[in-house]
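Since the structure of chain B is already known, use the hints to place chain C on it.
2 protein chains.
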Amino acid sequence: VIHSIGSPGELARRPATLEQRERMLGVAARVLAQRGFERARLRDVAEAAGVSIGLLQNYFESRDAMLEEAFSWMCEQLIARWRSHSDLQADPWQRIVGLVDQLTNEPDPIAHSATWVEFCSSAARHRKLRPSVAKVCDTWRRILIEAVEEGTASGQFEPCLPARDIADTINAEVDGLHMALAVQANLMTTGRFRHLALTVASRLIGRRP
Amino acid sequence: VIHSIGSPGELARRPATLEQRERMLGVAARVLAQRGFERARLRDVAEAAGVSIGLLQNYFESRDAMLEEAFSWMCEQLIARWRSHSDLQADPWQRIVGLVDQLTNEPDPIAHSATWVEFCSSAARHRKLRPSVAKVCDTWRRILIEAVEEGTASGQFEPCLPARDIADTINAEVDGLHMALAVQANLMTTGRFRHLALTVASRLIGRRP
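Protein chains in written order, with our numbering: chain B, 1 to 209; chain C, 1001 to 1209.
Okay, chain B solo, but in the shape it has when bound:
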C-alpha cells in the first residue's frame, strides 16, 4: 500500500479519476433532471456515461448517495455561475437584469425550468436534498439584497419594501415563472418571463429613470 502511493502510475491515475468522478456527477445530474429523483437508476447513469454499473459503484456508495451528490453538485454549479456573474457587474440594476437574462438565455429554457421545478419537487419529498436547494435560493437572496441595498444607498432605487421582502418576492416571482414555462401554462415564453420578472423587480425597488 505504502509504496503504491508515490508510484508514477498512481500519480497519473489520480487526476483522471477525479475528473471522471466529476464527469459522472454531471451525467447523473442530467439523468436526475430528466427522470426525477425517484426514477433515476444506476443503470440509466451508467448507460448515459458509457461506463459499467460496477464502476459507478466504485465511485459512489449507493444510488441514493450518488444522486444526492449529483443534486448538490448541480446546485453548486448554479451558485458558482450566479456568483461569478454578479461579481462582474458593478451596476446594481444591471446585476438584477443579468440574473434574469442568464435564465432566459439558457440554450433550452423550457428544459432548464422543468429541471428546476423537478429539483424543488424532489427536495419537497426528500428532506436530504433541501439544504442544496436552500443554498441556491439563499445565493439569489444575498445577491438581490446586496443589489437593492447598493442601489438604495446610491440613490438609484427608492424601494417600497425592506430589501429582504423584495429579494424573496423577486425570487418567488422567478420560480413561479419557471413553473409556468415548464408546464407551458398561460402561453408563457422567455420574452414574457423576462418582461414580467423585470417589471416586478423595477416596481418594487422603485427604480429611478
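Among the hints, erroneous ones may be present.
[Unchecked claim] So the derived list for chain C, only partly shown, Cβ under 8 Å to chain B, looks like this: (1) Cys1120; (2) Ala1124; (3) Arg1130; (4) Val1133; (5) Val1174; (6) Ala1185; (7) Val1200.
[Said to hold, decoys possible] Pairwise CB distance ranges, derived in the manner of DEER restraints: (8) C:Pro1131 x B:Ala111: 15 to 25 Å; (9) B:Lys135 x C:Arg1127: 30 to 40 Å; (10) B:Asn105 x C:Glu1022: 45 to 55 Å; (11) C:Pro1131 x B:Asn105: 24 to 34 Å.
Please keep in mind that the hints were generated in silico from the structure rather than gathered at the bench. We treat Cβ as the ideally placed atom computed from N, Cα and C, and that holds for glycine.
For chain C alone, coordinates are given in the frame of chain B:
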C-alpha cells in the same frame, strides 16, 4: 342484459358504483400527490382505498389512465373551489385576498404546496397532464383579470400594468411562494406567503387606501 337494467339490485348498485369510482379518484389523487406520477402504482392506490387491484382495473383502463383521470379530477376540484369562492365575494380586492387566504388556510399548507409543485413537475414531464394544469392556471388568471378590471372601473385600483400582466405576475408569485414553502427555503411560512403575495398584488394594482 336487458332485464337486469331495471332490476332493483342494479338500481341500488349504480349510485354506489359512481360514488366508489369518485372515491377511488380521490384516493388516487392523494397517492399521486405523495408519490409523484411515476412512482404511484395501482397497488398503492388499491391499498390506500382498501380495495383489490382487480376492482381498480374494473374502473380504470390502466394505471396511466387512472392517474391521468385522478390528476384532472384533482385540478377540477381546485377550480370548482376557487370559482365558488370568487363568485361569493363582491369586492374585487377581497376576492384577491380570499384566493390567497384559501391557500394559506389549508389544513396542511406545506403538503398542499408540495402537491402543487409535484403536479407542475409531472405536467412538465408528461404532456398529457398539461391541459389540466393549464386549466387551473387559467382559472386563477380569469378571476384575477376580472377583479383587476372591476376594481379599475370602480376607481378602487389604479393599476400600473395591463390586467393580463398583473394576473400572470400574481399567479407566478403565488406559484413561487408555493415552491419556497414546499422546500422550506428562505424560512418561508404561511404568514410570510400571505404578506408577500398580497403586498405584490396591492402594489401592482395600485390599490387606493
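Do the hints match the structure? See the list:
This hint holds: cysteine 1120 (chain C) has a C-beta 5 Å from the nearest C-beta of chain B, less than the 8 Å allowed. For alanine 1124 (chain C), the interface hint holds, the least distance from its beta-carbon to any beta-carbon of chain B being 4 Å, beneath 8 Å. Look at arginine 1130 (chain C): its Cβ gets to within about 6 Å of chain B, closer than 8 Å, so that hint holds up. Below 8 Å, beta-carbon pairs count as interface contacts, and valine 1133 (chain C) has one with chain B at about 5 Å; its hint therefore holds.
Satisfaction of the interface hint for valine 1174 (chain C) is found here, the shortest Cβ-Cβ separation to chain B being roughly 7 Å, below the 8 Å cut-off. Given the 8 Å rule on beta carbons, the hint for alanine 1185 (chain C) holds: about 4 Å separates it from the nearest Cβ of chain B. A cut of 8 Å between beta carbons decides the hint on valine 1200 (chain C): the least distance to chain B is about 6 Å, and the hint holds. Checking the proposed 15 to 25 Å range against proline 1131 (chain C) and alanine 111 (chain B) shows it holds: the Cβ atoms sit about 20 Å from each other.
Between lysine 135 (chain B) and arginine 1127 (chain C), the C-beta spacing of about 32 Å keeps the proposed range 30 to 40 Å intact. Checked against the hint of 45 to 55 Å, the C-beta distance between asparagine 105 (chain B) and glutamate 1022 (chain C) comes to roughly 46 Å, which is consistent with it. Judged by the Cβ atoms, the range 24 to 34 Å given for proline 1131 (chain C) and asparagine 105 (chain B) holds: they are separated by roughly 29 Å.
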